[in-house]
Amino acid sequence: MSLLVLEGLRLQAGARTLIEPLSLRIEPGEQVALIGASGAGKTSLLHALALASRPAAGTLRLGGQDGWALSSRERHQLRRTLMLAPQHPPLPPRQRVVTAVLAGRLPGASVARSLRMLFSPDQAQARLAFDALDRLELGARLWSRVDQLSGGERQRVAVARLLVSQARLWLADEPLSALDPQRAQRVLAVLQDAARAQDRTLVCSLHQVDLACRLFPRVIALRQGRLVYDGPPRDLGARQLDEIYADLLNETPSTPDDAPMTAAPPQAMCR
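The opening position of the sequence shown corresponds to residue 11 in this note's numbering, with each subsequent residue numbered one higher.
It should be emphasised that the hints constitute simulated quantities derived from the structure, not laboratory data. Hints may be right or wrong, so weigh each one.
[Unchecked claim] Computed beta-carbon distance windows for the label pairs:
(1) R155 - R20: 21 to 27 Å
(2) S81 - S154: 39 to 45 Å
(3) G39 - D141: 21 to 27 Å
(4) Q133 - Q202: 15 to 21 Å
(5) P242 - R126: 20 to 26 Å
(6) R90 - W153: 42 to 48 Å
(7) G241 - Q105: 38 to 44 Å
(8) D245 - Q202: 17 to 23 Å
(9) R244 - Q105: 41 to 47 Å
(10) S33 - S154: 23 to 29 Å
(11) E253 - R126: 20 to 26 Å
(12) R35 - S81: 23 to 29 Å
Where is the CB? At the ideal position from N, CA and C, for every residue including glycine.
Take the sequences, apply the hints, and build the full model.
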């Protein structure tokens, strides 16, 4: 049975369409890269997959259950089977990193265990958090406060939270956007290796098209909320990449932050 089944799913924000009706299936254990220019709808789609955005039309089944046909309580239970790592994780500034990571274990934990993880982690819990952080080159930050971290370090804390979670579906929204290219590739390798080892399903949105095409067996591409490609990267040609990134190619970079995305034409990134 497919883990995720979307049939004619459409997302709206008022009168604005975020995602045009789309249908797709994602199987257990798959690793899928989600690409597209800024504003293409990647984050909106991930929020839909996380059952955080109610569709205006269509259905979304997770593990065979229609999430929005369930009661609020049942839907909350279903959400425990997934975890979303947002691009800008909302971490309380005074929170300790160890606590931020262990939050990935809270779904399904007893009240007593949750309180212990949040306020006084035991040795085993601290070791769990440390091991995840250490794989991401952040072990030394275990007892730091979140407000002492850089943006890239916060992103890696969000990835560490995924690594310790017991969710079967991992959704990562631009987890590499604040990282330099070398570290980004190492972090992605850790994330993918952990997903394979734990038999998790990974859906990861990326601006790094070269990494998406080189390291993921399946690529889904959006443009202006429309699904324009779904398949293996080897079949993603220059013409399709031009279409996917047409809006980006027509823009004039205004800040140095644009440089990583415009340094090479998208059609060169999957070759």
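Now for the hints, and whether the structure bears them out:
Separation of R155 from R20 is about 42 Å and departs from the stated range, judged on CB atoms against 21 to 27 Å. For the pair S81 and S154, the supplied restraint of 39 to 45 Å holds, since their beta-carbon distance comes to about 40 Å. About 22 Å separates the C-beta atoms of G39 and D141, a value consistent with the hinted range of 21 to 27 Å. In this structure the hint that Q133 and Q202 lie 15 to 21 Å apart at CB is violated, the actual value being about 29 Å.
Distance hint check for P242 and R126: the Cβ-Cβ separation is about 45 Å, which falls outside the suggested range of 20 to 26 Å. Hint check: R90 to W153, Cβ distance near 28 Å, so the stated range 42 to 48 Å is violated. For the pair G241 and Q105, the supplied restraint of 38 to 44 Å holds, since their beta-carbon distance comes to about 41 Å. The supplied range of 17 to 23 Å is met by D245 and Q202, whose beta-carbon atoms lie about 21 Å from each other.
Taking the beta carbon of each, R244 and Q105 are about 43 Å apart, inside 41 to 47 Å as hinted. Distance hint for S33 and S154: a CB-CB separation of about 44 Å, inconsistent with the stated range 23 to 29 Å. Checked against the given bound of 20 to 26 Å, the beta carbons of E253 and R126, roughly 52 Å apart, lie outside it. At about 25 Å, the beta-carbon gap between R35 and S81 stays in the expected band of 23 to 29 Å.
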